[in-house]
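Order-wise, the sequence lines are chains A and B. Quick note, the first sequence lines up with residues 1 to 550 if you use our numbering. Quick note, the second sequence lines up with residues 1 to 182 if you use our numbering.
Think of the hints as simulated: they come from the structure by calculation, not from any bench. The beta-carbon is built from N, C-alpha and C at its ideal position, and this holds for glycine as well. Some hints could be false.
Dumping the calculated DSS-like pairs for lysine-lysine here, alpha-carbon to alpha-carbon at most 30 Å [to be verified]: (1) A/403 / B/55; (2) B/170 / B/132; (3) B/102 / A/477; (4) B/170 / B/36; (5) B/132 / A/403; (6) B/132 / A/446; (7) A/446 / B/63; (8) B/36 / A/260; (9) B/36 / A/476.
Simulated restraints on C-beta separations [what the hints assert, rightly or not]: (10) A/368 / B/138: 33 to 39 Å; (11) B/160 / A/55: 51 to 57 Å; (12) A/450 / B/154: 31 to 37 Å; (13) B/170 / A/20: 30 to 36 Å; (14) A/450 / B/9: 30 to 36 Å; (15) B/154 / A/55: 15 to 21 Å.
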Amino acid sequence: MATGVVARRLYRFPGGVHPEGHKSVSTATPIAEMPLLPRYVVPLRQHIGEPASPVVQPGDRVLRGQLIGRPEGYVSVGVHAPTSGRVLAVEMRPVPHPSGLMDLCVVIEADGEDRAVEPTPLDWHRMDASALRNRLREMGLAGLGGAVFPSFIKLNPGAKRQIPILILNGAECEPWITCDDMLMRERASEILMGAQVMRHMLCAEEVLVGIEDNKPEALACMAEAAAGSDVEVVAVPTVYPGGGGKQLTYTLTGRVTPSKGLTTDVGVQVFNVGTAYSLYRAVHLGEPLVSRVVTVTGHVGSPRSLEVRLGSPIAEVIGAAGGALPGATGEVIGGPMMGFDLHDASAPVTKAVNCILVKNAEHFPPKPPPLPCIRCGECARACPAELQPYELYWYARHRDFGKTQSYSLFDCIECGCCSYVCPSHIPLVDFYRFAKSEIWAREREKQAADLARERHEFRSYRLAREKQEKAERLAKKASERLESGAVANDDPEAARKKAILAAAIERAKQARAAVQPKNVDDLPADKQREIDAIEARRQQHASAAQTSDT
Amino acid sequence: MLSAILVMSGLAVVLGGVLGWAAIRFRVEEDPLVEKIDAILPQTQCGQCGYPGCKPYAEAIAKGEADINRCPPGGEEGIRRLAELLGVEPKPLGEGLTHKPKSVAVIDENLCIGCTLCIQACPVDAIVGAAKQMHTVVPELCTGCELCVQPCPVDCIHMEVIKENITTWKWRYPVLALKKVA
Numbered sequence: 001m002a003t004g005v006v007a008r009r010l011y012r013f014p015g016g017v018h019p020e021g022h023k024s025v026s027t028a029t030p031i032a033e034m035p036l037l038p039r040y041v042v043p044l045r046q047h048i049g050e051p052a053s054p055v056v057q058p059g060d061r062v063l064r065g066q067l068i069g070r071p072e073g074y075v076s077v078g079v080h081a082p083t084s085g086r087v088l089a090v091e092m093r094p095v096p097h098p099s100g101l102m103d104l105c106v107v108i109e110a111d112g113e114d115r116a117v118e119p120t121p122l123d124w125h126r127m128d129a130s131a132l133r134n135r136l137r138e139m140g141l142a143g144l145g146g147a148v149f150p151s152f153i154k155l156n157p158g159a160k161r162q163i164p165i166l167i168l169n170g171a172e173c174e175p176w177i178t179c180d181d182m183l184m185r186e187r188a189s190e191i192l193m194g195a196q197v198m199r200h201m202l203c204a205e206e207v208l209v210g211i212e213d214n215k216p217e218a219l220a221c222m223a224e225a226a227a228g229s230d231v232e233v234v235a236v237p238t239v240y241p242g243g244g245g246k247q248l249t250y251t252l253t254g255r256v257t258p259s260k261g262l263t264t265d266v267g268v269q270v271f272n273v274g275t276a277y278s279l280y281r282a283v284h285l286g287e288p289l290v291s292r293v294v295t296v297t298g299h300v301g302s303p304r305s306l307e308v309r310l311g312s313p314i315a316e317v318i319g320a321a322g323g324a325l326p327g328a329t330g331e332v333i334g335g336p337m338m339g340f341d342l343h344d345a346s347a348p349v350t351k352a353v354n355c356i357l358v359k360n361a362e363h364f365p366p367k368p369p370p371l372p373c374i375r376c377g378e379c380a381r382a383c384p385a386e387l388q389p390y391e392l393y394w395y396a397r398h399r400d401f402g403k404t405q406s407y408s409l410f411d412c413i414e415c416g417c418c419s420y421v422c423p424s425h426i427p428l429v430d431f432y433r434f435a436k437s438e439i440w441a442r443e444r445e446k447q448a449a450d451l452a453r454e455r456h457e458f459r460s461y462r463l464a465r466e467k468q469e470k471a472e473r474l475a476k477k478a479s480e481r482l483e484s485g486a487v488a489n490d491d492p493e494a495a496r497k498k499a500i501l502a503a504a505i506e507r508a509k510q511a512r513a514a515v516q517p518k519n520v521d522d523l524p525a526d527k528q529r530e531i532d533a534i535e536a537r538r539q540q541h542a543s544a545a546q547t548s549d550t
Numbered sequence: 001m002l003s004a005i006l007v008m009s010g011l012a013v014v015l016g017g018v019l020g021w022a023a024i025r026f027r028v029e030e031d032p033l034v035e036k037i038d039a040i041l042p043q044t045q046c047g048q049c050g051y052p053g054c055k056p057y058a059e060a061i062a063k064g065e066a067d068i069n070r071c072p073p074g075g076e077e078g079i080r081r082l083a084e085l086l087g088v089e090p091k092p093l094g095e096g097l098t099h100k101p102k103s104v105a106v107i108d109e110n111l112c113i114g115c116t117l118c119i120q121a122c123p124v125d126a127i128v129g130a131a132k133q134m135h136t137v138v139p140e141l142c143t144g145c146e147l148c149v150q151p152c153p154v155d156c157i158h159m160e161v162i163k164e165n166i167t168t169w170k171w172r173y174p175v176l177a178l179k180k181v182a
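All chains should be built: construct the whole structure from the sequences, respecting the hints.
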């Protein structure tokens with residue numbers, strides 16, 4: 001074991017599997033920066049929660065680090081321009097998402113100058129805690145381990161300040177992925193500087209760095225950087241999913257996160273090492289989150305980790321790693337256990353993309369057709385959340401969602417251990433994801449129905465009330481008139497009004513009579529005769545009508 | 001023997017009295033079955049069932065006056081859940097009724113003359129506007145009942161099917177490949 005690595009009592013979480021690592025494939029070359037691209041497509045939804053709302057329009061000039069998407073709602077963070085240039089469009093574009101659907105993106109044409117906005121390092125020691133969190137929210141900080149949860153929320157210690165332990169997650173348990181490994185090897189002291197800010201914000205007493213023991217170089221670099229401080233760098237055994245937040249918490253502290261709970265319920269907050277690094281850049285250098293380290297590996301020319309600007313098309317990133325070799329059969333975003341197939345390689349790198357894995361037939365053979373569940377229980381032994389995957393599968397398959405919830409479906413972290421060990425090759429996790437999204441959809445529908453019911457009931461009540469009020473008003477008026485009618489004759493005010501009205505009607509009548517048609521002056525004699533005849537007939541008719549009336 | 005009969009019948013009378021008193025004292029005003037049925041109905045308030053809203057339809061079902069297959073927005077899933085609740089067999093949607101994908105009403109704001117007829121028709125007050133002013137639909141509140149479409153004198157309201165986006169997208173039911181037999 002590397003010098004400086006702290007030996008600590010470790011706990012072994014239940015279940016887990018040992019898939020082949022394939023880590024050395026992409027660790028031979030140091031992190032390289034992607035060359036500047038002519039065009040970037042920056043999605044406004046790169047984090048969990050509400051998408052950012054665009055604050056730029058086509059034609060606007062932007063600088064690197066300039067805010068282009070303002071956080072909207074509480075669970076949201078800002079989005080920034082990855083380079084200087086001109087905004088071409090704000091439109092729907094393909095994004096890396098399992099659905100393959102499009103989402104709102106800002107398309108930026110780079111001007112090649114890569115000018116940045118004036119960086120403003122933060123005085124984090126003296127700054128007010130809430131102001132500091134708000135700055136980090138604006139600067140777009142979100143967890144880079146894969147869940148992309150807004151960091152400023154996790155950095156709020158709460159009113160009770162009961163988060164004594166801060167864990168930096170450098171376990172990186174998923175096969176093939178090495179971006180955290182490379183980051184720890186090359187930028188260990190910066191990561192720890194970020195961790196100091198986290199510790200300050202959380203008022204944490206202890207800082208632990210958990211790194212799987214298949215990364216001796218990263219362990220050595222982190223231990224060297226941590227020498228002289230009280231940060232403990234701990235080697236944890238290599239077991240998938242040892243990098244899950246709850247699993248790493250248990251491994252390092254023995255604290256068990258309750259069902260449906262968070263690690264903060266047991267006084268532990270976990271951050272990915274990449275998040276700590278981006279926090280360092282935000283606080284010490286004043287740079288918002290505009291790039292991240294991405295591993296490009298698998299069936300490519302030169303597998304490696306690259307520092308990629310957010311918004312770079314994935315096809316270009318694969319190209320920068322030597323391009324896909326002949327025989328490639330598609331791309332996976334994330335690792336083979338939890339990742340998803342990419343639908344469109346023009347989709348950009350987002351804050352959530354930690355690995356682009358190009359598949360081939362050798363490492364990713366087509367899955368054999370699933371066979372019936374034989375209830376062998378392998379999945380239950382492999383499950384790190386201590387669930388009963390075969391029961392969950394049974395109920396999810398039969399759409400009995402109430403039962404899946406009573407079997408703690410929402411404690412499933414979708415790590416894929418059950419599918420990995422299943423001798424019948426059943427895509428178990430796909431069933432759990434299906435059940436979860438159905439339950440969420442029903443919850444949304446129920447909320448909409450409750451709102452509609454409430455509004456309909458209020459409307460019915462309002463209509464009834466209006467009707468009643470109108471009836472009351474009319475009744476009141478009628479009774480008033482009845483009362484006033486008796487005294488109207490001897491009311492001088494009413495008589496005066498009546499006289500004014502009569503006079504006005506008389507005036508109007510006279511005015512109408514006085515008006516003469518203007519086109520009948522100076523008429524020839526025959527026309528005049530014709531008109532006179534018509535007038536005579538009209539008089540005759542009028543008198544006839546009058547006599548018949550009487 | 002006689003004492004046993006007396007004790008048992010005495011107990012029966014006393015307990016019967018207590019139950020009878022409790023039934024009057026703790027009477028539930030609203031029929032709980034109506035609430036349960038109403039909770040399953042989609043609250044579109046469209047009136048396609050022939051009743052002036054979801055609650056009246058729920059009441060009619062509870063009384064046994066209406067069939068469970070009269071609600072097109074609820075669809076098959078709604079009928080299945082009603083059948084489950086009432087302990088009857090599910091059946092296909094009633095004659096002349098068709099389930100449509102969920103949509104929202106959209107007002108063409110260039111054509112709207114501000115007559116307020118749609119506002120009066122909307123069962124959930126999802127349309128805002130005033131006389132001789134342009135009206136607009138609040139899409140988050142619209143239930144897609146289509147009641148505003150017909151009253152419009154200038155035909156400026158149309159229904160738009162809600163498209164799936166990343167927030168409303170659902171993982172599909174996994175399709176299992178069948179095993180090839182020789």
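Going through the hints against the structure:
1. At roughly 29 Å between alpha-carbon atoms, residue 403 of chain A and residue 55 of chain B fall within 30 Å of each other, so this suggested pair holds.
2. For a cut-off of 30 Å, the pair hint linking residue 170 of chain B to residue 132 of chain B is broken: about 42 Å separates their Cα positions.
3. Taking the CA atoms of residue 102 of chain B and residue 477 of chain A, the gap is about 48 Å. The hint is violated against a cut of 30 Å.
4. Among the hinted pairs, residue 170 of chain B with residue 36 of chain B is consistent with the structure: their alpha-carbon atoms are about 27 Å apart, no more than 30 Å.
5. For the proposed pair residue 132 of chain B and residue 403 of chain A, the alpha carbon gap of about 54 Å is over 30 Å, so the pair is violated.
6. Pair hint residue 132 of chain B plus residue 446 of chain A does not hold up; C-alpha atoms about 36 Å apart against a cutoff of 30 Å.
7. Between residue 446 of chain A and residue 63 of chain B the alpha-carbon distance is near 25 Å, which keeps this suggested pair within the 30 Å criterion.
8. Restraint check: the Cα-Cα separation between residue 36 of chain B and residue 260 of chain A comes to about 28 Å, which is no more than 30 Å; the hinted pair holds.
9. Distance check on the hinted pair: residue 36 of chain B and residue 476 of chain A sit about 43 Å apart at the alpha-carbon level, beyond 30 Å; violated.
10. Range check, residue 368 of chain A to residue 138 of chain B: about 51 Å between beta-carbon atoms, so the 33 to 39 Å window is missed.
11. About 28 Å separates the C-beta atoms of residue 160 of chain B and residue 55 of chain A, a value inconsistent with the hinted range of 51 to 57 Å.
12. The hinted range of 31 to 37 Å is satisfied by residue 450 of chain A and residue 154 of chain B, whose Cβ atoms lie roughly 34 Å apart.
13. For residue 170 of chain B and residue 20 of chain A, the hinted distance range of 30 to 36 Å is satisfied, since their beta carbons lie about 33 Å from each other.
14. Evaluation of the 30 to 36 Å hint for residue 450 of chain A and residue 9 of chain B yields a failure: the beta carbon distance comes to about 50 Å.
15. One distance hint, 15 to 21 Å for the beta-carbon pair residue 154 of chain B and residue 55 of chain A, is violated here, with the actual separation near 37 Å.
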